[in-house]
Structures are given as structure tokens and as C-alpha cells.
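Please work from the sequences and hints to get the whole structure.
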Amino acid sequence: MRPARAAAVSLVLVATAPAAGAETAFGGDRPAGCEFAPDTVWPALRELPPDVREIEADHVRREGDQVRAEGDVQLYADRQRLDAEVLDYDRARGLARTEGAVRLFDGDLLLQGEDGRFRLDEDTGELSRIDYMVRSVPARGQAGAGTQLDPDRHRFEQAQYTTCPVNRDSWRLDAARLDLDQESGRGVARHAVLRVRNIPVAYTPYIDFPLDDRRKSGFLLPSFGTGGRTGADLSLPWYWNIAPNYDATFTPRIMADRGIKLSTEFRYLQPAHEGQIDFRYLPDDRETGEDRQFVAWEHRTRIAPGLRLDIDAAEVSDGEYFRDFGSADRYSGSVRDLRRRADLTWSQPRYRLRTRVEDYQIVDTELADRREPYQRLPQITLEAGEYAGQWAGGGVTWDLDAELVRFARQERASDRPTGLRFDLDPELAWRFDTGGIFVEPRAGVRYTAYELDRRGEPGPESIRRTVPHAAVDSGLIFERDLADGERLQTLEPRLFYGYVPYRDQDDIPVFDTGEREFSFDNLFSLQRFTGADRVGDTHQLTAALTSRILDTASGQERARLSVGEIRYFRDRRVRRSPSAPALEGRHSDLAVEGRLRIGDAWDGRGSVLYNREHEDTSLAALGVSWSPDERRRINLGYRQRADRLEQTDVSVLWPAGDRVDLVGRWNYSLRSERDLELLAGLQYRSCCYGLRVVARRSLDSDQRYDNSIHFQITLDGLARFDGGVDSLLSEGIAGYDAHPDR
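Number 21 in our numbering belongs to position 21 of the sequence shown; there are no gaps in the numbering.
Treat the hints with care, since some could be wrong.
If you anchor each label on the Cβ, the simulated ranges turn out as follows [claimed, not checked]: (1) T648 - P426: 20 to 30 Å; (2) L682 - A620: 26 to 36 Å; (3) D675 - Y239: 31 to 41 Å; (4) Y387 - Y568: 30 to 40 Å.
In case anyone wonders, no lab produced these hints; they're calculated from the structure.
Fair warning: this is a prediction, and the values are worked out from it, not measured in the lab.
We treat Cβ as the ideally placed atom computed from N, Cα and C, and that holds for glycine.
Right, dumping it as C-alpha cells:
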């Protein structure tokens, strides 16, 4: 009971049958068949002044400070209620005694027991042979005896704890002592045995667990799995809640074939900055005999309104680290390099100015020198633009992209050119748009200057390049009603004309430029290259047609089909490599994209690039998903790219019963006739626990198969025993939701 704030206590005695108040069933919002305690009714509690007690009973007798109540006794205090058959209350001492069965509703807690003794002025008490429930979790249990230490703390001896529904102890914790602290939102069990189906499976001298969503320091349940590179793999994380804005997780990872790796993750949050530091260290790897480590730092600082500093840096001990530990250490085994970058960005409504310093650590030691990225020491970029107003019935806008960057190389790659590059690309556009028709001409000029250190390579050290460019984009939108107005179909023809003259660029080194992968979106772009080292010449006309079917009421797109092609009027002579031949084809690949949604369950997508001159498919990506609800999903996928790859991808989530789901994925290479990844597993969901088991076979970057088994056990309200199953299934099965109840 809550302590009185005054020496005197006002007592209201009512000798009558209690009136029925507003009552609520307990745990009725759980799924059917999982109601926590459907027969338990939580009464409406009264808000009373701290010094007021109200007693209602069939019979009440008072002699001085002694009060005896009999027959359906109810004692009320502020947000508390005590039910008993017989109650003796010593008003002077604040002592209440009950005979027989007693129930105490204390905010979030229900206690049922016998032979109660309560000091109402101190808000303490004792009970024996207790059944208790915690409404917020919800949780329940039994105890031989219990003590209320203060308004928010209760201690139970020889206690049990579970979050399973009444009469369904799928799991429970048997503890010599159990403390529930509602103020901190934590429970602590000492000398506890975890029982599953009444079978003891684990012992711990100490474990704490949450009673709400607040964070607290303590051990988290471990994770376990097996892998071909690590053997049996066990992690034991300990969480340190340093402050509301600081925390850390320390994780010893015990690998049978490698040794013990120590990991630390530290997070911080301040009004002006936030970030995370990861450090992982394996001394004396049993396989290599060397120390292995990885460190990463992510940081963001808001220096002033509009001014921000971002840092993203990482370093690893060796090139094999991510192949051996990547699945658990943030990166995959195919990492080629690690970026170290610091950005200082000034953002305003009309422009953004950024200064970047960027370096790399080469992880893949077999990476050819010519493919290693350059350092940017520094790179300064400006992006600006503004709506300039109306002219001739249309809107005028201007855009400006500018860059100044110094490219440097690491010592072992000193034979490559380095130098300074300045790039300026202003553009002016006018757009006329009525909703059914639009026309948008735009024109600009791109100026680029280089000051180079050739390092023995032939060619000029100072280069200037000026390339004008112009384009006109236009389109129409026709509409008609379908299905008595429930659907709307559009027909959207579009023409895009572009011109960029040829400029000889063979003397310009390639610092950061590559050729773009062709797609439907490239039909309406003049840029064939990423980066400023190449400006592709072109004289082209794009013709495209799109048709959509929309829900009239919701505006949701139900179907879309787009087809388009570029007609070239001359060869494209600019290539990334000076030795590469000009592109002579007069037509681009025919680009086709589509999407179809049938109801809320079917979703199909497709993208095809077809080369009409060679009469073959350059690229195909097709996918179909069927998901009528969160427990049933089938994904079918097919990918093909010229002579490089041809793959199928099938993934399934399917119920095998009321509580059991099967999961699987098969990613197969038709070209090499071998499996790329196989997943097979099941997940079981009970009213108070969950189980996932997944076996995986995957082909790594060394063209070797890695076999692993992953486990996850979730005990509701206690903790999660996790082996990386969530991320494995979320990444492997499109649309999979690891936490559908959140």
C-alpha cells in the first residue's frame, strides 16, 4: 500500500454489500486460444487522497482505533484494493491483518495468498502461499511466501515465474528468490532453473529480465550456431546501460575452431551528435595463428543549423576476416575495400556544399591495381538550384553542379596518375505542364579542367574540356474509365531528344568513372557514364509508351507496362577505355518494364532488355510473389544477364499447422549448374515462446560451400536466444517479416 503523507488517517466505513464497479478481463487481447487469464477480472481501482482509507464489508465493528470487518471485505487506498473475508485494522498502528484467503490489487500487480499482514502507513506487507500476476507483461507465478518491501518492490521466496497462459506452463523459471521492481521495470531471479515442459534445461545463479520496455544493464541470452569456418559458435552478450544516452554491449564469442573473440559495441547520443563504435578482437586465431581484429566508427555531429559533420571509418586486420566472420560481423565475405570518409556538409534550401576526405583500405588483396579506388584528399561539391519564375506559360529553373577534387593513390599503387579535377555543369530548363501534356527543354554546358601528375604515363598534364548538351523531354497523358468507373487506364506516350557533341577525351585518365548499366530509366538520360572523367557523345531520340491501370477510389496502381527504345543518329565514339571501339548500333536495347497486382495477394514484376539486332535478351529479371497473409508467401524469381549469369530463386514461407511454419530458399545458377544458396527451416510459435531452426548451405566468394545451422528461441517476457536467424530469413526471403506482431 502507498505511504500516507499525513499523520492522521481518514477512515470511511460502509456496512453494506459492495457496489459492482467497472471491471476488465485480464489478457483478453491475445490471439484466440492464448488468453492469458480469461477468468481473472481486474477491478476498477479508486483514486483517493493519500491519507484516506475506505472499508466496505457486510459487517463492520469499530471500538476506538480497532476496526473489524467481516464478509466480502474490500479495503481501498489510492489505486489499491485489498479483498478478504475477515480484516482486523489497527488504525493507530496502521496495521491490517487478514484471515483466510486475501487478494491485493496494487496498480499493475495482483497478489492472492493467505494470512496477510500489512502496514498501511509504510506500504509494506507479507503473505504466504501466493499466486501473483503482473498485468503489464503479462506474467504470473507462485511463491511460498512474499514480502512487499515498498510501494514498487516485491520479493518472493521459492518462486515461479512464467509468461505462459494459466494452466499452460510451456516454460517457467523456478527461483530460490524472485524480486519484482516496478519502479525500475526489472525482475531478478536468483539460483534459478529454467524448465521447459517441467524438464530442467538450464541453471543460472542470477538472471534479470524486463517488466516493461525500459533498458537495463545485464546479461542477454546467448546465441548459438555452427559453421564450416568457425565450428560450434556461442556468443554471450552483456549489456551495459551506462546512461539514458549511452550504452555498450560486450560479447565474448566462443568458436570451437577459432578461439574466443571479444566484441564491444558502444553507442552514444547527444543533442548535437550521435554515433557508434564497434571493436572486435580475436587473439591468436587457432586456424591462422595470428591476431584478427576489426574496428568501425560511425559519427554524426550537428555543428550549427544546416552544418553537419559525418564520419564513417573502418579497418580490418586482414583480407580473409570477412570470409571467416562476416555473417556475424556486419559485412559479407565479398567485401573488396573498406571506406574511411569524413563529410562536412552545409545545407540550405537552394544549395548544398560538401567537403569530403575519403580513403580506402583494400581488403581483397587480389584486386588489380587499376581497379583500386582513388583517395579523395579532398573533394568539394556544390549542388544548387532554384525555381526562377514563370516565362511564356511555363516554369523556369536553373541547376548547378560543381566539384573540385584531388585524387591521390596509396604508395603501392604509385604508378597510376594522380591530380586535381575541377568540374562545372550549369543547366537551364523551362517546363510547360498542364497535367495532360508537358514539354521540357533544357540546355547546359559542362566544363572540366585537370592538373595531373602523370607519374611516367604519356600525355599532357593540363587538360581542359568543354562539352555543351541539350535535351527536350515531352509527353502526353490520356485517360479512360474502366469497370464502370472503378478503374482508370492511362496511355502515356513520351519522346525525349538529346544531343551531346563529340570531344576527344583519350588523354584524360579515369579516376572514378564507369559505364552505367542500361535500364528503362536510362532512356531519358544523356549520361552514359558515372563520374566526370567521361562525357558521352550522343545524338538520340527516345520513344516510349507507358500504360497504367489505377484504382479510382484509392489511386493505387494495379498494373503498369512500359516499353521504350533509343534511336541513335550517329556512332558513340567516347568510351571509358581509349582502345575500346565506338558503339555503332543505331538502336538501343528494347527496354520493357511491367508490374501487375491482383488483389492484395499477387504481385508480379518484370524487366527485360532485348537486343533486336542480335535477336537475343541482354537482361531479364522476373519475379512473382503470392502472399495472402503474413504466414503464407511464395516468391519465384528469374535473373539473366547476357553471357554472365542465369539464376533462379525460389523462397517459401508456409504453415504446416496452427503454430508451425516452414521456411526455405533455393537460389540456383543455371549457367554453372550448382546451388548458390539453400535454406531450410521451421518456426514454431506458441502462446509464450517461439522457436526457429534454419540450416544453410551457401557458396562463398572463394567458391567453397559453407554449411551452418542457426537457432533462435524466444521466451516471451524473458529474453531471446538468437543465432542470427532474423537477418538470415529477412535477407533470404523477400517480404519476410521477422516480427509480425510488432
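These are the hints, each one checked on the structure:
1. T648 - P426: 20 to 30 Å: Roughly 48 Å apart at Cβ, these two residues miss the hinted range, so it is violated.
2. L682 - A620: 26 to 36 Å: holds, 33 Å
3. D675 - Y239: 31 to 41 Å: holds, 38 Å
4. Y387 - Y568: 30 to 40 Å: holds, 33 Å
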